[in-house]
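Q: Sequence:
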Amino acid sequence: MLLAGFFFALMNVTVKFLPHIPAIEIILFRSIFSFVFSYLLLKKQQVPVLGKNKKLLILRGVVGSIGLITFFYTLQHIPLASAVTIQYLGPVFTSILGIFIVRERVRPIQFFYFAVAFSGVLMIEGFDPRIEPLFLGIGIVSALFSGLAYNVIRKLKNTEHPVVIVFYFPLVTIPIAGLVSYFFWVVPQGWDWVLLLLIGVLTQFAQYYMTMAYQNANLAKVASLNYVGIIYALGFGFVLFDETYNVWTYGGMLLVLSGVILNFLHSRAPATNK
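Residue numbers for the sequence shown follow our numbering, beginning at 19 and rising by one.
Just so you know, not all the hints are guaranteed correct.
Once the Cα atoms are required to be at most 20 Å apart in a straight line, the calculated DMTMM-like pairs of lysine to aspartate or glutamate come out as [said to hold, decoys possible]:
no. : residue 1 : residue 2
1   : Lys-34    : Asp-146
2   : Lys-34    : Asp-210
3   : Lys-173   : Glu-122
Pairwise CB distance ranges, derived in the manner of DEER restraints [unchecked claim]:
no. : residue 1 : residue 2 : range
4   : His-38    : Gly-253   : 20 to 28 Å
5   : Gly-208   : Asp-260   : 18 to 26 Å
6   : Leu-58    : Leu-258   : 30 to 38 Å
7   : Leu-20    : Val-257   : 12 to 20 Å
8   : Pro-180   : Trp-203   : 26 to 34 Å
9   : Leu-68    : Trp-203   : 24 to 32 Å
10  : Asp-260   : Leu-58    : 35 to 43 Å
Since the hints were derived computationally from the structure, they do not count as laboratory data.
Note that beta-carbon positions come from the ideal geometry of N, C-alpha and C, so glycine has one too.
All chains should be modelled from the sequences, with the hints used to inform the complete structure.
A: Dropping the structure here:
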């Protein structure tokens, strides 16, 4: 899981090295790589490519596409660690939306943890002049659609092969990203091509190691390692982009992480009979 987080962090860094390439165009290249890789894997395993529940699979592709496009956009316009921290609201939205979509029970104390996480985001925006309200809003939209995507995946977990679910993301994203990119196309130059290919490769490595971790280790322990990503982001942001923060911004990041981690731990704590 630490390797997966490291490769995801490298992918985020690579995106920031391409501020002149529209986020939608970067996602188009990433999706083409993922499409080819997933298709070949499904064929090798002799799994039906289009799956069974096509409506939900297409919905997963749409919401996942919106979530990734908005996340890449924030990566290009605000400091790395701030973009990653705001994205950590995804599990909060997953829990809230889960009440209505998969009828998942949420304990009253968890709403307090949600409020803690949101207050942290407001602190980050309020004390960091580099984060405009527009980009904060886009980051929150990204986390919201990530939470929606996770809930759709939950509804599909008993009917679809995991790679089929992954395959529908580029299947839906490519025509959307291709159409939008046509109006904003920037021709990659020189090393841009290498970086675009690297984004696709890093994504596949990250997803591979993340899948291995979830399949072979305790779920709670593995999922908690997700939050090491903020350390990667702070380190890469400081070394590669000279990004520094004031104490209030660090405090906001800590609040977000605290709220999300406490929510994660409490949602999995065994209920006691009183």
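Q: With reference to the structure, classify each hint as holding or not holding.
A: Comparing the hints with the structure gives:
For the proposed pair Lys-34 and Asp-146, the alpha carbon gap of about 19 Å is at most 20 Å, so the pair holds. Restraint check: the Cα-Cα separation between Lys-34 and Asp-210 comes to about 12 Å, which is no more than 20 Å; the hinted pair holds. Proposed proximity of Lys-173 and Glu-122 is supported: the alpha carbons are some 12 Å apart, at most 20 Å. The hint said 20 to 28 Å for the Cβ distance between His-38 and Gly-253, and at roughly 24 Å that hint holds.
At roughly 24 Å, the beta-carbon separation of Gly-208 and Asp-260 lies within the given 18 to 26 Å, and the hint holds. Between Leu-58 and Leu-258 the beta carbons are some 33 Å apart, a value that agrees with the proposed interval 30 to 38 Å. For Leu-20 and Val-257, the hinted distance range of 12 to 20 Å is satisfied, since their beta carbons lie about 18 Å from each other. Separated by about 33 Å at the C-beta atoms, Pro-180 and Trp-203 satisfy the suggested range of 26 to 34 Å.
Against the hinted window of 24 to 32 Å, the Cβ-Cβ separation of Leu-68 and Trp-203 comes to about 30 Å, which satisfies the hint. Checked against the given bound of 35 to 43 Å, the beta carbons of Asp-260 and Leu-58, roughly 41 Å apart, stay inside it.
In summary, the structure agrees with every hint in the numbered list given earlier.
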